[in-house]
Every structure is written in C-alpha cells, then in structure tokens.
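S.K.: Chains as they are written, first to last, in the numbering used here: chain A, 53 to 166; chain B, 146 to 256.
Read the hints as simulated data drawn from the structure, not as lab findings.
One thing to keep in mind: the hints can contain errors.
[Stated by the list, open to error] Footprint (simulated), chain B over chain A, 3 or more residues, beta carbon under 8 Å: (1) 64-75; (2) 94-100; (3) 122-134; (4) 159-166.
Every residue, glycine too, gets a C-beta built ideally from N, C-alpha and C.
Residue strings, one per chain:
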Amino acid sequence: EPEVTQTPSHQVTQMGQEVILRCVPISNHLYFYWYRQILGQKVEFLVSFYNNEISEKSEIFDDQFSVERPDGSNFTLKIRSTKLEDSAMYFCASRGGRATYEQYFGPGTRLTVT
Amino acid sequence: EDQVTQSPEALRLQEGESSSLNCSYTVSGLRGLFWYRQDPGKGPEFLFTLYSAGEEKEKERLKATLTKKESFLHITAPKPEDSATYLCAVPRPGATNKLIFGTGTLLAVQP
C-alpha cells in the first residue's frame with residue numbers, strides 16, 4: 053500500500069542552525085502539506101503546496117521557513133535559523149487530487165532544538 | 146470560525162467495555178470529516194472519511210457515524226491494542242482544504 057515517508061525520524065540541532073526535513077509523498081498525489089504538532093497540542097497546519105508553488109501558509113510559516121519540491125518525488129521543509137520554539141513533530145501529508153479530500157500522513161520527524 | 150472539538154479528552158476502558166468518542170464541528174460547507182488514529186510519536190493514521198449526515202463506516206471494532214453537527218466513533222469490545230489517540234479533522238473549504246484538527250481523545254484499554 054502506498055505511503056508517505058519522512059526522513060530523518062529524529063533531528064537534534066542547535067538554535068540558529070538550518071535544518072531540512074524531507075518527505076516522499078504518495079506517488080501521483082498532487083497536493084502536499086506540512087503540519088506540526090508541539091508536544092501535547094493539536095496538529096496544526098503550516099503550509100500547502102500545489103503545482104510547484106505555495107498555495108497557502110499559516111501565520112507560523114514566516115520567512116524562516118521554506119518548502120521545495122526539487123524533483124518529482126521529494127518534498128522538503130527548510131527552517132533557516134531554528135529557534136527553541138520550533139521543537140515539535142513535523143508531519144508531511146499528501147492528497148490525491150481536486151475531488152478527493154483525504155490527506156495521508158507520514159510518520160513524522162521529531163525536531164529538537166537545543 | 147471553523148473549529149473541531151473532541152470529547153472526552155481521555156477515556157479509560159476495560160477490555161470488552163464498549164464506548165463512544167465525540168467530535169463536534171462547525172464549518173461552512175462540509176467536505177468530509179476524517180478520523181485518524183495516532184500512536185505515541187507517530188503520524189496520524191487514516192481511518193475513515195464521512196461525507197454526509199447519516200453515513201456510517203466500519204472497520205473491525207470501530208464504527209464512525211456522522212450527523213449535521215457531530216460525529217461519533219463507537220468502539221465495540223475494545224482490546225488493549227486499540228489504545229491510542231483518536232483524532233478528528235475537517236478540511237477548511239478553500240483552495241487548499243487544509244485540515245483543522247481537534248485535540249484528540251486519548252483512549253487507554255486495560256486488559
């Protein structure tokens with residue numbers, strides 16, 4: 053069964069460092085998302101990506117964040133200069149097409165900023 | 146404002162003791178309501194989609210139902226392996242259909 057994969061599973065970084073979180077969405081899906089979940093809190097939307105551009109971003113997704121789909125399979129989230137409050141689980145999700153609304157999530161990357 | 150509220154926050158059951166979890170929502174133009182299961186430190190695992198009031202979906206010991214204002218996840222004769230956090234989410238209507246999640250119900254099933 054097709055699934056979303058994410059690497060690494062756990063990333064530890066120092067404050068101010070850049071990190072890149074990687075995702076491989078389900079093949080032939082068209083819509084891609086990043087969400088995050090701070091420990092004990094709700095899953096919250098960060099950004100959506102369609103047709104090689106950002107279609108919507110949340111208030112959290114400021115200039116320190118960027119996303120890219122560098123080739124036909126990978127989807128990345130970059131945090132340019134990490135802060136302590138960026139520590140969270142980051143989930144990638146993908147959706148098939150315009151007429152389908154289900155989103156399928158990857159296993160997540162636990163980001164710890166020290 | 147579009148929002149999703151789940152109750153109870155936590156539920157402890159004995160193995161075999163059936164119960165229900167609630168998800169109430171307010172969103173204009175429902176494009177589906179999704180139930181996910183989340184194990185500790187893992188990503189949400191898709192369980193069900195419900196699109197219209199009166200619809201029901203079943204999977205093993207789980208049955209999800211939908212009304213115009215809420216959804217229920219019924220757990221019949223649960224087993225310890227059903228222990229997890231159950232999340233409810235709705236897509237916010239718009240170009241991206243980003244998901245709005247509830248806080249989840251943490252279910253613990255004791256043997």
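S.K.: All hints, please: hold or fail.
M.R.: Hint check results:
no. : hint    : in the structure
1   : 64-75   : violated (count 0)
2   : 94-100  : holds (count 5)
3   : 122-134 : violated (count 0)
4   : 159-166 : holds (count 3)
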